[in-house]
Structure formats: C-alpha cells, structure tokens
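Peer 1: The task is simple: from the sequences and hints, build the whole structure.
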Amino acid sequence: MKDDKVFLLHILDEIEYLLEKSQILTYEDLHNNKDIEHAITRSLEIIGEASKNVSFEICQKYPTIPWKNIAGMRDRIIYGYFSINYEIVYDVVMHKIPVLEPKIREIISDFEKREM
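Under this note's numbering, residues 317 to 432 are what the sequence shown spells out, in order.
These aren't lab readings, by the way, just hints derived from the structure by calculation. Treat the hints with caution; some may be incorrect.
To be verified - Once the Cα atoms are required to be at most 35 Å apart in a straight line, the calculated DSBU-like pairs of lysine-lysine come out as:
1. 429 x 412
2. 337 x 419
3. 337 x 321
4. 412 x 350
5. 412 x 384
Note that the structure is predicted; figures quoted are calculated from it, not measured.
Peer 2: Written as structure tokens, this is what we have:
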C-alpha cells in the first residue's frame, strides 16, 4: 500500500503537467508539433503505467476512477504508436484529465491522513 502513494504521486505529477500544457493546447498543436505530441503521449504513458501498479485494493476502494481505461490508453499508445488517434488523445487531455485530477488528489489526501 505504501507503494500506491508513490504511483499516485507519479500520476498526479503527469496530470499537473498535462493541465498546464492544456491551457494553451490546440488540436493542431498536438497533431502538428512532434515535441508536443511526444510530451503529451509520454505523460499519458506514465499515467497508464503507474495506474497499472496501483494495488487492487485501491482500485476497489476508488471505483469511480476508470483504472482499466487509463491502463488501456497506455497500452494503445505503447503498442499502437504508429496509429495513435490524436483526436482521442486530445479529448483525454482536455476532458478526462481535468476530471481525474481531484480524484487522484483525494486518494493521496486519504493516504496522508492515515500517515498522521
């Protein structure tokens, strides 16, 4: 369970990065700028990989987080890198990540309360 907090902090770091970048991100930026494309997809890969390492107990305790979908996004990026649908990536960054952020913060906060 202690490792869970580490993985959740990695997820939160990448969420914060994506939220910062999404303030000025357009679909055209994502699709036409290889540096942005790589940075955004790498953050999503890290979020997905870290979510795969979150314990079953945490996944069960916080079922409103789509853990399998998050991991699945990572798999699609890693294994289908030559055919990534950037419309989906853009939608995830603009609409799903902002919803995920407070949920991850809540879990981390719950960990910190238990550590006191």
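Peer 1: Evaluate each hint against the coordinates.
Peer 2: Taking the hints in turn, this is what the structure says about them:
This hinted pair checks out: residue 429 and residue 412 have alpha carbons roughly 26 Å apart, not beyond 35 Å. At most 35 Å may separate the alpha-carbon atoms for a hinted pair to count; residue 337 and residue 419 meet this at roughly 20 Å. Distance check on the hinted pair: residue 337 and residue 321 sit about 24 Å apart at the alpha-carbon level, within 35 Å; holds. Of the pairs offered as hints, the one joining residue 412 and residue 350 holds, with about 22 Å between alpha carbons and a cut-off of 35 Å not exceeded.
A hinted pair counts as satisfied when its Cα atoms are at most 35 Å apart, and residue 412 with residue 384 qualifies at roughly 14 Å.
Figure legend: structure checked against the earlier numbered hints; every hint is met.
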